[in-house]
Amino acid sequence: MNSEELPQSPWPQDMQINVEECWSPLTFLLFVRSAWHLDIDSVPRLDSEPDPGTSRRPADLDVDAAVQRWLAEWRRAWTHFDAADPAIHLPDEETRHLLDTLTDEQLWAATSTSTWPSDFWNSGIDDEAYGMWRTTMPAPLGALPENRVIPALVTAWQGGLTTIIQLPYLGFFAQRINREHLVVSRTTRNDPEMLAQALTLEA
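Read left to right, the sequence shown gives residues 0 to 202 (numbering that gives the first Met the number 0).
Calculated from the structure, these hints are not laboratory results. A virtual CB, placed ideally from N, CA and C, is assigned to each residue, including glycine. Hints are not guaranteed to be accurate.
Claimed, not checked - Cβ-Cβ distance ranges computed for the label pairs, FRET-style:
| no. | residue 1 | residue 2 | range |
| --- | --- | --- | --- |
| 1 | Gln157 | Glu127 | 40 to 48 Å |
| 2 | Thr154 | Thr53 | 44 to 52 Å |
| 3 | Ala64 | Thr154 | 42 to 50 Å |
| 4 | Asp63 | Pro11 | 49 to 57 Å |
| 5 | Thr161 | Ala138 | 13 to 21 Å |
Starting from the given sequences, assemble the full structure and let the hints guide the process.
Here it is as structure tokens:
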């Protein structure tokens with residue numbers, strides 16, 4: 000989304016804001032949490048639970064282990080939005096221990112920088128139901144909520160904002176996770192007053 004897409008708009012000519020309405024690594028894990036009834040309260044609840052379709056958690060699932068794995072993959076998914084660190088670091092003590100004790104497969108699972116959920120979740124998830132849920136997230140074409148808060152958006156962009164990440168969280172939610180990225184709930188993004196308030200947040 001940029002100023003060229005809005006003729007006669009008050010946007011600065013070079014202004015660009017990306018909007019991630021349904022980024023798969025995060026929305027997929029949220030779908031898994033709901034469909035498998037994983038008790039994870041540290042991540043906000045959803046504005047409505049998706050239809051799981053034929054999704055069922057495996058009968059032999061170690062639920063506690065699955066929760067810990069979900070949390071680890073959730074944290075890893077967010078690294079996609081981390082600021083790049085150009086520095087080169089030597090392995091710390093924990094990393095050296097992993098290198099010395101784990102097999103190649105275990106080491107990849109523990110240290111992979113891939114932000115996509117692992118194949119572990121594929122068994123027991125109805126991909127069609129997940130896909131249908133994702134189609135409900137984008138705003139209608141021509142009805143972008145950001146168009147209603149352009150002054151606040153311009154100010155936030157001038158302060159370094161480049162990306163708005165929408166998630167289907169319940170009620171008002173807004174968090175500036177770093178200088179470039181703002182996370183909002185779908186409710187927040189679709190309410191001009193809430194969205195303008197969210198755009199004032201600083202990292």
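Hint by hint, here is what the structure shows:
1. Gln157 with Glu127: 40 to 48 Å: Taking Cβ atoms as reference, Gln157 and Glu127 lie about 43 Å apart, which means the hint holds.
2. Thr154 with Thr53: 44 to 52 Å: Holds - the Cβ-Cβ distance for Thr154 and Thr53, about 47 Å, lies within 44 to 52 Å.
3. Ala64 with Thr154: 42 to 50 Å: 45 Å, holds
4. Asp63 with Pro11: 49 to 57 Å: For Asp63 and Pro11 the Cβ distance comes to about 51 Å; the hint holds.
5. Thr161 with Ala138: 13 to 21 Å: 19 Å, holds
Checked against the numbered hints given earlier, the structure satisfies every one of them.
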